[in-house]
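Start from the sequences and build out the full structure, keeping to the hints where you can.
Each chain, letter by letter, is given below.
Protein chains: 2
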Amino acid sequence: MTAVPVLPADFPALRGAVLTDPDVTAAYADDHCSPVHGGTPLAVVLAECTDDVSATARWCYANDVVMIPRGGGSGLAGGASALDGCVVISLARMNAIREISVADQYAVAEAGVINADLDAAAREHGLMYPPDPSSYEICTIGGNVATNAGGLRCVKYGVTREYVLGLQVVLADGRVIKTGRRTVKGVTGYDLTQLLCGSEGTLGIVTTVTVKLKPAPAHPPTTVAASFPDVVRAAAAVAAVVASGVTPALMELMDRRTLEVVQDMRPFGLEDSTIAMLIGQASTPADAAVLEREFERAGAHYVVVSDDPAEADELLAVRRAAFPAYENAGNIFSEDVGVPRSKLPEMFARIEAIAAKYGLDIPTCAHAGDGNLHPTLIYPHGETEVPQAIWGAADEIFTAALDLGGTLTGEHGVGVLKARWTGQELGDDVLELHRAIKAAWDPKNLLNPGRGF
Amino acid sequence: MTAVPVLPADFPALRGAVLTDPDVTAAYADDHCSPVHGGTPLAVVLAECTDDVSATARWCYANDVVMIPRGGGSGLAGGASALDGCVVISLARMNAIREISVADQYAVAEAGVINADLDAAAREHGLMYPPDPSSYEICTIGGNVATNAGGLRCVKYGVTREYVLGLQVVLADGRVIKTGRRTVKGVTGYDLTQLLCGSEGTLGIVTTVTVKLKPAPAHPPTTVAASFPDVVRAAAAVAAVVASGVTPALMELMDRRTLEVVQDMRPFGLEDSTIAMLIGQASTPADAAVLEREFERAGAHYVVVSDDPAEADELLAVRRAAFPAYENAGNIFSEDVGVPRSKLPEMFARIEAIAAKYGLDIPTCAHAGDGNLHPTLIYPHGETEVPQAIWGAADEIFTAALDLGGTLTGEHGVGVLKARWTGQELGDDVLELHRAIKAAWDPKNLLNPGRGF
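Protein chains in written order, with this note's numbering: chain S, 1 to 453; chain L, 454 to 906.
Hints listed in this document are in silico derivations from the structure and should not be mistaken for laboratory results. This structure is a prediction, so every number in the text was calculated from the model and none was measured.
Derived pair list, reagent style EDC-like, types lysine to aspartate or glutamate, alpha-carbon separation capped at 20 Å:
no., chain 1, residue 1, chain 2, residue 2
1, S, Lys438, L, Asp895
2, L, Lys631, S, Asp403
3, L, Lys810, L, Asp856
Right, here's the structure in full:
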């Protein structure tokens, strides 16, 4: 048993709680990224208000103590994992929705509001908050901003950054600033809101978020699901839908291994002939007909079209279970590459080849309509260190994505897990600009150091 | 006549032209912002390629010479006005569309491509480039990025930043970087693309732009135009449409003085009873019916609904003529405030009161669906200095917009004209972060100094 760290006498009094018992703080050491093992914090602050965050930052800044901001802890890249001697600043208790403006279609939410709760609150007023990460029931809006989170509906509605209008942010030294605005448009000064979005807690700690809301659709979408004899044909179907000019409301692809691990966890009647499954949704019956046509042309075994919301939820539940099922199957090294959508078939073919080369299990699901894939490298639960074969295969997958004109991470962020590859995508001059921005905002390098790039 | 500046012997040889004759370079001294008078450049570089821009920047950096990037020169805030002894770097000749990917729905265009040309090229493939500033026939995509330009269609489709995927940029010292990507999603590192978007040429010179394209709508929109007995009722109609949950494809408001100056320039049969005009477009007949209903409920004299594209173009031509008509009527001090849409009626009322207080002519048109207004202060063509009453009224209009939860500039940018007010909106801490970012990117303060914030 580790000794309980003694909180220095000058640590500020807060409205929220301060935890120091290692048996308790251990729950805040890691996020959902199995390969990254967090250290032991000096303390975990459960902030209740922006003042708590500000007072904590001021103390950390004065005492050169590292700060790790934390939302729902659902990150898949280790971006919220603790470092030895750090202060973890949890925003989870700051979960009030302060305002929903129906007239101006925006919401003001504290950083700890759960994504699904924000959307549900908007729906009470005929509005919606569209970005919906797979973890929408446990992730927070603050974490969504920090990672510029995507989600299933983003193919139609866009990602988090397209909804963030303004932020309240605590800087490294504890000063509180506001960025952005509540108006639809605005170009006064640099767009610090956008710079902060996706900055993974390295420039400031977001405490309050103002987001655009959209009118909720009057009719439920039509769901079009299809079974394919191989994943490359399913990927080709996606590229064909995009080329048709129809924008689906959602388009998700699962390969055979993904379907199998989901089936293991919650059986849904997986058939032997289904090697890949594509689930699309369309806003209109005409668009649904295009999805059906393109799925069939690309070689689907069978296509199911349904207007029944309960059936749609059941089909989507399979997709939403993919990550829990991966975690159920073993420790996961979660990748998140993106490629231009026309390259999806080739990217799937390359992942299959890499899996074969390394003799690995790499189930893959994809926000296929966005060209965003989650090849997931699985290794046994017992192993604490990532096997070398996993690192090798991960490296080849990243390189393949870049080679196809793609990116290292579509929506999960770089965190700790992918920091070694950022230079390969960004180049030295761009990395230098990153370091200059970081130094300007956080001269002591105390905010989530080593993460993000 | 001013002496022709002698270009230093070590000025780089370029593929493009270098102009030094003041009679010629005078054409590059100003943009469309009458109150700002540009200085005399040392030279104007008509760059033909990124290498030209890079070589020029390298020379300027080594010799501490200020660089003023310039697109179409259609800016309304003086952001492209020359300074004495500067080098103006015009991107106008870099006007090649390098690629249109139908499969992946993006375009790669050099910075000098005219906005309307890019859209027209996309339409040949069934796609469109949505953001359409009123100056779309003369403004460039590079300038659109520098100012994060808005436009008429932005109420439905969003502004420039929502379309920019990646940039090629020349830094102050001449280095060439690439930011962003061609994939739909991507979160590797800070979003420098978004930081550059709207930075008004103060961080780098954009030479190539990769933008998202959208499928062009299959059917032309339905246009709904209405005449109102006063502007406040017209503004209330806009707020009612927004609150109804219908997203119009376009919603433009013109007050009586705007209609009069347009009528003076190109008569269109303005009737005496029309004190304000609202032009909406809807993507579906059902949405058009909502516009019609809300316009009538708010007190319109008459409402015209038309599916005829020629009639729609004619109605929109009145709106697109507003700025040329303002310029025809006098020198203009163009404002660009934004407010939450529910505050439009109050903002119009305040503008009327301010006009009365100062005895000024302040015609106002608005991208009303976005809450973005262009109150335009007009003073006689002969006057070279902005009259004090204009500064006073401008100040009160800005203050009123901020007071209503709004912003100084919705889409035109700060430029030189509004730099004095940025602190009022941003505050000292945020301004300090601006200066730190600027210093990190442009340590010698040579890129468009004094503009943007």
